[in-house]
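These protein sequences, in sequence, are chains A and B.
Residue 1 is where the first sequence starts when you use the numbering used here, and the numbers rise one by one after that.
Residue 1 is where the second sequence starts when you use the numbering used here, and the numbers rise one by one after that.
Warning: the hint list may mix true and false statements.
As the list claims (entries may be wrong) - Pair by pair, the computed Cβ-Cβ distance ranges are:
| id | chain 1 | residue 1 | chain 2 | residue 2 | range |
| --- | --- | --- | --- | --- | --- |
| 1 | B | S141 | A | D19 | 45 to 53 Å |
| 2 | B | P63 | A | D19 | 19 to 27 Å |
| 3 | B | Q59 | A | T38 | 17 to 25 Å |
| 4 | B | D18 | A | D19 | 35 to 43 Å |
| 5 | A | T15 | B | A129 | 43 to 51 Å |
| 6 | A | T38 | B | D87 | 27 to 35 Å |
| 7 | B | R58 | A | T38 | 42 to 50 Å |
| 8 | A | T16 | B | S126 | 35 to 43 Å |
| 9 | A | S22 | B | V144 | 51 to 59 Å |
Keep in mind that the hints were calculated from the coordinates and are not lab data.
Remember, predicted model here, so these are calculated numbers, not experimental data.
Just so it is clear, CB atoms sit at the ideal spot from N, CA and C, and this is done for glycine as well.
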Amino acid sequence: MPRSPELLLGAREYTTAVDMWSVGCIFAELMQKEPLFTGRGEIDQINKVSLIWHHGDNN
Amino acid sequence: METIIDFQIFNLLGQPNDEVWPGFHSLPVVKSINPVGPPYVSCFLSMVNLTLRFSTLRQRFKPLSSEGHHLLSSLLMYDPARRVSADQALEHQYFKSVLIPGVEAMLMIRENPLPKHPDLFASFPSQAAGERKHKWMASPSAPVREDRMAKAELTDLDSFV
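Based on the provided sequences and hints, a complete structural model is requested.
Printed below as a string of structure tokens:
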């Protein structure tokens, strides 16, 4: 499921709007016949960012 | 520590800011990254922002109608509070059919691709009912034109092999 920007950016509170973002990504995918955002790399990157961020927290 | 993140989202939709997405800069990850991507023009009115964002998406999705672009743009709205809800999306013009004047109870759907009749849906053999996969018959290759036959020094029968 494509993740919405607020989730990728670490929002702690979110609403059903996250699902509507996914609907938008699927809609776009149906139109162009390929994924809008190739999630894998993005999530990997975000995970790396989160690691750095948590590391910063400990300091 | 600053990390440069090549956000696909930012590249497509522009970099969000606190105007288009109130609270953007207080998001946990935003503090620790240095996002790249074309800027989301901040000093403009939100209507202009919408138009600018529209155009980036429009370039990417050229065959989509303007109604479709509006819907896509409303779904991919940065600010979750302004993003279209499921109920609103269902009411969107993109999904609306119009009544053709003069033709009684005749509805026309405006948007391509038009829905297909369920009878035209592809069907697959049911394993439970013991149906087998249909084997395609091997088809003979097409005959070769006479002039090419001469060139390749083929006899007439060779061309059918």
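Now for the hints, and whether the structure bears them out:
At about 52 Å, the CB distance of S141 (chain B) to D19 (chain A) agrees with the hint of 45 to 53 Å. With their beta carbons about 26 Å apart, P63 (chain B) and D19 (chain A) fall inside the hinted range of 19 to 27 Å. Distance hint for Q59 (chain B) and T38 (chain A): a CB-CB separation of about 19 Å, consistent with the stated range 17 to 25 Å. The supplied range of 35 to 43 Å is broken by D18 (chain B) and D19 (chain A), whose beta-carbon atoms lie about 24 Å from each other.
Checked against the hint of 43 to 51 Å, the C-beta distance between T15 (chain A) and A129 (chain B) comes to roughly 45 Å, which is consistent with it. Between T38 (chain A) and D87 (chain B) the C-beta distance comes to about 30 Å, which sits within the given range of 27 to 35 Å. For R58 (chain B) paired with T38 (chain A), a C-beta distance near 21 Å fails the hint of 42 to 50 Å. In this structure, T16 (chain A) and S126 (chain B) meet the distance hint of 35 to 43 Å, their C-beta atoms being roughly 37 Å apart.
At about 53 Å, the CB distance of S22 (chain A) to V144 (chain B) agrees with the hint of 51 to 59 Å.
The structure does not agree with the numbered hints 4 and 7 stated previously, though it agrees with the rest.
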